[in-house]
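Respectively, the protein sequence lines represent chains A and B.
If you're matching positions, the first sequence starts at 14 in the working numbering and goes up one per residue.
If you're matching positions, the second sequence starts at 23 in the working numbering and goes up one per residue.
Hints listed in this document are in silico derivations from the structure and should not be mistaken for laboratory results.
Worth double-checking, as some hints may not be accurate.
[Claimed, not checked] Not the full set, but computed from the structure, chain B residues with beta-carbon under 7 angstroms of chain A:
id	residue
1	Arg-24
2	Glu-29
3	Asn-30
4	Gly-54
5	Ser-57
6	Asp-80
7	Phe-104
8	Asn-106
9	Ser-113
10	Glu-114
11	Val-137
[Stated by the list, open to error] Label pairs and their computed distance ranges (CB to CB):
id	chain 1	residue 1	chain 2	residue 2	range
12	A	Gly-91	B	Ala-59	21 to 27 angstroms
13	A	Arg-57	B	Asp-46	28 to 34 angstroms
14	B	Ala-42	A	Ala-64	27 to 33 angstroms
15	B	Pro-132	A	Glu-119	35 to 41 angstroms
16	A	Asp-130	B	Ala-93	29 to 35 angstroms
17	A	Thr-96	B	Gly-69	34 to 40 angstroms
18	A	Thr-96	B	Gly-109	31 to 37 angstroms
19	B	Gly-128	A	His-90	48 to 54 angstroms
Don't be surprised by glycine CBs; every beta carbon is placed ideally from N, CA and C.
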Amino acid sequence: MSGGMRPAAIPRSDRRIPMWCGHRPGRIMTARPGGGAMTTEPQRQYRYLEARPGSNYRTLFLKGRRIRAAVVYEAIHGPDPYTPEEYAENLQVPLEAVLEALDYVEQNQQLFREERDREAARLRARGLLDGPPPA
Amino acid sequence: MRFLIDENLSSPRLASRLRAQGHDPILAADAGLLSLADPRVLIWAIGQGLPVLTRDADDFLDLHDLIMAAAGHHPGMLIVHFDNDPGHNLSERAIGVAICKLESSGAPIPDRVHVLNHWR
Numbered sequence: 014m015s016g017g018m019r020p021a022a023i024p025r026s027d028r029r030i031p032m033w034c035g036h037r038p039g040r041i042m043t044a045r046p047g048g049g050a051m052t053t054e055p056q057r058q059y060r061y062l063e064a065r066p067g068s069n070y071r072t073l074f075l076k077g078r079r080i081r082a083a084v085v086y087e088a089i090h091g092p093d094p095y096t097p098e099e100y101a102e103n104l105q106v107p108l109e110a111v112l113e114a115l116d117y118v119e120q121n122q123q124l125f126r127e128e129r130d131r132e133a134a135r136l137r138a139r140g141l142l143d144g145p146p147p148a
Numbered sequence: 023m024r025f026l027i028d029e030n031l032s033s034p035r036l037a038s039r040l041r042a043q044g045h046d047p048i049l050a051a052d053a054g055l056l057s058l059a060d061p062r063v064l065i066w067a068i069g070q071g072l073p074v075l076t077r078d079a080d081d082f083l084d085l086h087d088l089i090m091a092a093a094g095h096h097p098g099m100l101i102v103h104f105d106n107d108p109g110h111n112l113s114e115r116a117i118g119v120a121i122c123k124l125e126s127s128g129a130p131i132p133d134r135v136h137v138l139n140h141w142r
């Protein structure tokens, strides 16, 4: 970590991504599950996040990095929390990238819950998650 | 234990805490492995004979299965799983403790996947 002055922490209430971060809400046409009428749903576009082809994780990663938005969120909200500024410095990415990842997770909590459940179910099915440690 | 910390856990703070617990971690950033695809990271770890500490269980399980299906070998995969129940999640210190417990148990590490939450 560099010895420079640390930026002031951003109050949680201010962590929403402002428009200067490059978000431009759009609308896309999607089909309802099971068929039926087409509908439009808002689709966020992200400046610092992208899907990672080839990964089993369907949620977005930091662009050009193998770091899921969920990992960013858990680093900020997990057992040993970093501030967004600390974590951005840690990853050597713009603070805006960290803030955008946090916002993306907060806006898609159900998707992330499902992804964590899917991973846990896969580990549990192999006996890797529950019960006494293997001998 | 000497092991590679994958990019998704790669943090000088975690590495420092693990070293204080007697481990010898290598950060993906220090090994020039940032942004590389998972298979390339694992190929590097296999070449160095180092287990990989990673957050991406779903992707590394596939690599493990592929290597085992081909009757191959790898130095081991150490998974940190984040759960919907925060009480199941590991702190940085708990990661180090779990690795100590795993190592001292004598459980085989090469060719195995270990979820460290299981060893807390």
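How the hints compare with the structure:
1. Arg-24: violated (21 angstroms)
2. Glu-29: With Cβ-Cβ at 5 angstroms, under 7 angstroms, it holds.
3. Asn-30: holds (5 angstroms)
4. Gly-54: violated (14 angstroms)
5. Ser-57: holds (6 angstroms)
6. Asp-80: Holds, about 4 angstroms.
7. Phe-104: holds (5 angstroms)
8. Asn-106: holds (5 angstroms)
9. Ser-113: holds (4 angstroms)
10. Glu-114: This hint holds: B/Glu-114 lies near chain A, its Cβ roughly 5 angstroms from the closest one there, short of 7 angstroms.
11. Val-137: holds (4 angstroms)
12. A/Gly-91 - B/Ala-59: 21 to 27 angstroms: holds (25 angstroms)
13. A/Arg-57 - B/Asp-46: 28 to 34 angstroms: Since A/Arg-57 and B/Asp-46 have Cβ atoms about 42 angstroms apart, the given range 28 to 34 angstroms is violated.
14. B/Ala-42 - A/Ala-64: 27 to 33 angstroms: violated (37 angstroms)
15. B/Pro-132 - A/Glu-119: 35 to 41 angstroms: Once the Cβ atoms are compared, 40 angstroms apart, the range 35 to 41 angstroms for A/Glu-119 and B/Pro-132 holds.
16. A/Asp-130 - B/Ala-93: 29 to 35 angstroms: Between A/Asp-130 and B/Ala-93, where Cβ atoms are some 32 angstroms apart, the hint holds.
17. A/Thr-96 - B/Gly-69: 34 to 40 angstroms: holds (36 angstroms)
18. A/Thr-96 - B/Gly-109: 31 to 37 angstroms: Given a distance of about 23 angstroms, which is not inside 31 to 37 angstroms, the answer is violated.
19. B/Gly-128 - A/His-90: 48 to 54 angstroms: violated (36 angstroms)
Checked against the numbered hints given earlier, the structure breaks hints 1, 4, 13, 14, 18, 19 and satisfies all the rest.
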